[in-house]
Amino acid sequence: MNRRNFIRNASLATAGAFGVPYILPSGRLFASTGEQMAPHVVYVLFAGGVRQQESVLQRYLDDSQGMPFAGNIMYNMFNGDAPENKIVYGTDQGNGAAGGTPIPRILNQTLQSQGLLFREVQAGSAGHYGGLNNLLQGSTVTTQGLKQKPLNPTIFEYLRRHGGYPASKIWFVGNGIGNSIPLLNYSNHPNYGSRYGANFFAPSITFGNLGFEHLSNARIYHPENELDPMYQMKYFLDQSFSSVGEGGDSLGNTEEEKLSIKEFMRDMYERVTLNAVALPPVTDSYDALTIGFSCEVMKWFKPALTVVNLSGVDGCHSDFTGYLRSLHRADHAVGHLWNYIQTQIPEMANNTILIASPECGRNLNPNPIKDINDWYGYDHSDANSGRVFTIMAGPNVPANLGIGSEGNPIGLTSDNVPTIGQILGVKNEIMNAGFLAPGSTSLFDRI
Amino acid sequence: MKTNLFIVFLALCAVVGSCKKPEANDLYEVNQVALYPSIADKNKMKTQEQYVSILHTNLFQTALSGSELVQIIDCLESIGDKELGREVLISNFMNKPGVILPSDSLMRADPEVFVNQTYERFFVRRPSEAEKTWFIEFIQANPNLSAELVYFAFALSNEYLYY
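Chains as they are written, first to last, in my numbering: chain A, 46 to 492; chain B, 8 to 170.
Treat the hints with care, since some could be wrong.
[To be verified] For the chain A half of the interface with chain B, some residues (derived, Cβ under 10 Å), not all of them: (1) VAL186; (2) GLN189; (3) LEU191; (4) GLY219; (5) PRO268; (6) ASP283; (7) ILE306; (8) LEU446; (9) ILE448; (10) GLU451.
Just so you know, the hints here were simulated from the structure itself, not pulled from any lab data. Remember, predicted model here, so these are calculated numbers, not experimental data. Glycine included, each C-beta is placed from N, C-alpha and C at the ideal position.
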């Protein structure tokens with residue numbers, strides 16, 4: 046009996062014993078009939094708590110340290126001139142001053158001019174995990190714990206359940222494994238869960254020193270001569286145990302998808318060794334590493350949805366100078382990401398929509414911690430922490446359009462989930478599921 | 008009174024005399040039987056730490072150091088599909104020096120003993136007759152199958168996640 050016959054017979058036997066719902070747990074065999082605006086979405090969770098004052102409002106030191114120096118340090122994302130004085134956010138090359146050389150812009154045309162900017166959006170939470178959950182669930186559940194999987198379905202699960210996307214087409218690339226980040230790839234909701242979850246890597250671990258030590262030396266088995274019989278035995282053992290328990294944490298990657306992911310991992314270990322990962326030009330931050338491996342994931346898998354979490358700017362609690370540097374680098378990383386898609390991944394060029402939103406803002410007033418420049422740090426807990434932006438670019442996104450202003454907030458961070466749903470054709474299913482925060486809707490409906 | 012004391016004395020003698028430590032080589036004509044838990048009793052899922060520690064012990068016959076355990080758990084955390092992560096980990100273990108596996112010739116010389124021992128090693132139970140028959144036939148039907156792959160399948164199985 047070959048492997049496929051074995052699997053087919055096992056499936057039929059199980060169905061006969063327990064009923065058809067075991068074959069079709071999703072209730073859907075085919076992709077949603079909703080019309081797509083684009084086949085690919087890249088969603089950047091940007092980037093660890095960003096003040097409006099230093100991002101969209103481009104006030105640099107003018108609205109934080111009482112110094113009259115304004116300017117735009119995110120010139121891949123936003124239109125506007127860079128600051129002319131007190132430059133600390135760049136690299137240390139050139140004139141010798143620490144951070145005195147701004148990183149050259151990557152994009153010829155900013156994302157703002159290419160697309161749509163919601164200037165003043167209400168964040169669902171002033172905290173990181175609540176904010177990230179809001180960006181991925183489209184809601185913020187008051188009982189959501191910190192070391193707990195999302196309680197409501199995530200965008201990953203909506204897409205896989207209602208859109209029929211296979212596991213290897215839905216990816217989440219995390220900046221690490223701290224702060225419960227690895228828990229975010231699927232929810233605990235009984236109607237969704239792991240079988241609709243996203244594949245996840247935390248590149249700093251998976252492809253860092255620990256990954257090299259414990260994961261990079263995998264024995265390579267022949268897919269048909271060795272892996273096939275191994276899986277047959279596993280499936281037999283699982284069937285024997287099926288009346289008692291099940292694995293419970295599988296994402297439903299098929300054998301072919303698993304093989305592809307393992308080949309990708311091998312390729313990454315080789316690329317790391319050869320220093321050939323698609324990193325941005327300036328790589329002195331973990332966010333750069335995360336973006337570089339996200340580019341590699343996209344190039345390999347061409348996902349329908351790639352979610353990338355950046356977090357470098359959170360150093361602002363105690364280091365405002367470092368915050369400015371991280372913000373500048375996060376913009377640089379997003380510029381690299383967009384440029385890489387357009388120039389290095391033909392299958393995704395010109396048919397990918399990018400969305401970026403901070404999970405939360407930061408306080409209006411500083412805390413008492415000073416950094417090396419005697420500049421104060423900022424935490425995130427007040428009303429100013431609920432002020433963020435959302436930027437989008439790509440096909441079918443209106444170009445050079447700004448919505449809302451400092452005195453006229455429009456949009457919620459929870460809107461991003463139905464927005465992605467609309468782009469990928471499952472908006473109605475998401476809206477009708479009943480889990481979104483009140484008032485949430487696709488950002489395209491707010492234009 | 009004297010009669011009562013005499014009766015008590017006789018009773019004590021009888022009790023002391025009748026208490027005798029059994030000889031080590033007494034035979035009760037009952038066969039020695041190893042007791043194993045039933046598959047139905049496995050209703051608790053192992054933690055990742057337990058899974059990795061037990062896996063290492065099963066494959067290397069030695070305990071994993073605490074620092075290595077923490078590092079491996081971090082690695083598994085960094086992969087979203089936990090089943091895939093376990094698969095990668097097992098294939099890394101299989102490639103390490105020191106892994107203790109029965110030879111393929113030993114497996115083929117007596118598949119029944121091999122299957123019994125593999126079930127006991129990984130599942131801490133004996134296989135049912137149906138399980139034993141299926142595995143013996145599978146081994147015999149696949150001449151290129153190695154003991155390593157059998158161990159791999161057991162280590163990756165759902166039952167191995169439970170105790």
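Agreement of hint PRO268 (chain A) with chain B interface, Cβ distance less than 10 Å: Check failed: Cβ of PRO268 (chain A) comes no nearer than 13 Å to chain B, outside 10 Å.
LEU191 (chain A) as chain B interface residue, shortest Cβ-Cβ below 10 Å: At 16 Å from the nearest chain B Cβ, LEU191 (chain A) fails the 10 Å test, so the hint is violated.
Chain B contact restraint on VAL186 (chain A) - CB to CB distance below 10 Å: Interface hint status for VAL186 (chain A): violated (22 Å vs cutoff 10 Å).
Status of the hint placing GLU451 (chain A) at chain B (closest C-beta pair under 10 Å): Cβ of GLU451 (chain A) sits 38 Å from chain B, so the hint is violated.
Interface hint for ILE306 (chain A), Cβ within 10 Å of any Cβ on chain B: Where the cut-off is 10 Å and the nearest Cβ of chain B is about 6 Å from ILE306 (chain A), the hint holds.
Chain B contact restraint for GLY219 (chain A) - C-beta distance below 10 Å: Status holds, d = 8 Å.
Restraint satisfaction for GLN189 (chain A) [CB to CB of chain B, less than 10 Å]: Not OK, violated: GLN189 (chain A) not within 10 Å of chain B, min 20 Å.
Hint check, ASP283 (chain A) versus chain B [nearest Cβ-Cβ separation less than 10 Å]: 5 Å, holds
Residue hint LEU446 (chain A), partner chain B, criterion CB-CB below 10 Å: 35 Å, violated
Given hint ILE448 (chain A) near chain B, where the shortest CB pair must fall under 10 Å: Nearest chain B Cβ about 34 Å off; hint violated.
Comparing the model with each numbered hint stated earlier shows that hints 1, 2, 3, 5, 8, 9, 10 do not hold.
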